[in-house]
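Student: These protein sequence lines map, in sequence, to chains A and B.
FYI, in this note's numbering the residues of the first sequence are 1 to 315.
FYI, in this note's numbering the residues of the second sequence are 1 to 197.
Hints are supplied without guarantee of correctness; some may be wrong.
[Stated by the list, open to error] SDA-like cross-link-like pairs, simulated, lysine to any residue; straight-line CA separation at most 25 Å: (1) K11(A) / Q9(B); (2) K11(A) / A58(B); (3) K32(A) / A12(B); (4) K11(A) / E141(B); (5) K11(A) / A101(B); (6) K11(A) / T131(B); (7) K32(A) / R11(B); (8) K32(A) / K168(B).
No wet-lab data here; the hints were simulated from the structure.
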Amino acid sequence: MDRVICCVCEKPIEGESAQMGGRTYCAGCLAKVTRNRAGLWWASLLGVGALIAFVAIVAGIASATHPILQGLALDVVGAVLALVPAAIWLGFFYIQDVREPEPKGLVLSVFVLGALLAQAVGVPLVEGPFRVADWLTAGVAYHILGAIFVIGFTEQFLIYAAVRYSVYPLPEFDERVDGVIYGTAAALGYATVLNLRFVLESGGLDLVSGVIRIAVTAMALASFGGIVGYFLGRCKFEDEPAWWMPAGLALAAILDGLFVYFLGEVTTTAITLRGGGYNPWPGLLLGGGVALVTFGVLFYLIRRLRRLAPQALGA
Amino acid sequence: MVAQTHTQQLRARRDRWVNWLVVAVFLVALVIGWGVKSAAESRAVRCEAGNMVLSCPAGWVRAKVEPPVILRVEERVAPFRSAISLEERPLPKDMPKPLLAVQQALTLERAGWVAYRILSLEEAVPVGKRTAMRVTFAYVETNPNPFLETLPVVMHGEDYILPAGEDKVQVATFVAAQENYPLVAARFAAFLRSLPG
């Protein structure tokens, strides 16, 4: 007679076994897999709040002092600002993630991998063969479809790849919520490269508009990276159907594309004799709102799965 | 134990399948994206010139013209504009090679352009049902605004000189900055195709 073996630790199950997502778990592994990490949600919540506060502080300083930054000073300040969102999230996560902490080196590696993939593949693909900036605003349909199929899918696939081909097969990826952690880290790496390029290529950054754009990019990508990570986490520990992960990627890409479109819509204003044409503040609200709602939904889903775990143990 | 190993093998195989499926979905998305890009770039609007209805690139601005030019559309997003123009000139019937005579007249008119050079000349190129003379050329353009911090750019262009009826010749001209030339050449091709045969 076959002994029942846990699908995670691959040891024979002596006591109670549990069925979840078509797989058999021992009680210890089930508890671990379904564990929720409060640190992740606190880091995300505090990260969004801190990022908005950071933007407000920079905007306040800029409007009070009207700093004249040029050349190297501007590049250095811009580069530091571009790194702040990732530093805030990673910082809060490390502070919060105290019980059985995720290996810091791995989280940082996935962050760096996300950044490298953005620089080596994502940006060259979107700006090179696709030359998205040349045609994206040709019409509403082109804008939405281009943002989804080119920008959204490229960004989310590379975030998926950064997790799937690095940490996903490792034993350290041992909880469903790890997918959200690593997906968010990869996405923040990707966002950091986009922000650095924005600062260095703009050649002259308006401090307020620049810092808002940096914050919005980071919050949005982190959210959608979290979605990809959620699907990856469930894919690893449950027997989901074959369409599960492609559907997760498509969902994140569609949301990413729609965000790109609506961000353009809400930040574009009418041009008048007194100026106008671009107002970044609604973009900050949109980015913050999307991040809070996305991480809220992910938190709810992870917690709901955790609540179902004891029932699985009794099965 | 064997059953568990078999299950694990099945799971590993399923993981590989899922992985390839994700890659396939990404590639399909890129193909669709390429289609969207092509559609956006080849957008055209109807524009009238003389008694012709032509296909002009959408988003380009129609400029005021004087004879012999009957149509000129420009892309006004760059300091050095891509442009398509159409001229109608009388056909020099008394010349042995009338299209070549028109080409030489064009060259003389452009003598004032900085570093104007003819790059190639093909005497018989099919355009719809007509046969045109195709001339490619290059010159250097400097922005007339002296306060604008721009380098002069090398412009690349081509003329299609087409007989139009018994006594007229049409000259369709396309110019673009060298670096933009391949990107917008397809729009000129669409314009050429819309010329009535």
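Student: Could you run down the list of hints and mark each one as holding or not?
Tutor: Hints and how they fare:
Taking the CA atoms of K11(A) and Q9(B), the gap is near 16 Å; set against the 25 Å cutoff, the hint holds. Between K11(A) and A58(B) the alpha-carbon distance is near 66 Å, which puts this suggested pair outside the 25 Å criterion. Restraint check for K32(A) and A12(B): the C-alpha separation of about 22 Å stays at or below 25 Å, so the hint holds. Note on K11(A) and E141(B): the hinted pairing is violated, with a Cα-Cα distance of about 76 Å set against a maximum of 25 Å.
A distance of roughly 90 Å separates the Cα atoms of K11(A) and A101(B); the hinted pair therefore is violated under the 25 Å criterion. Between K11(A) and T131(B) the alpha-carbon distance is near 80 Å, which puts this suggested pair outside the 25 Å criterion. Using a Cα cut-off of 25 Å, the hinted pair K32(A) and R11(B) holds, with the two alpha carbons roughly 20 Å apart. A hinted pair counts as satisfied when its Cα atoms are at most 25 Å apart, and K32(A) with K168(B) does not qualify at roughly 84 Å.
Checked against the numbered hints given earlier, this structure breaks hints 2, 4, 5, 6, 8; the rest are met.
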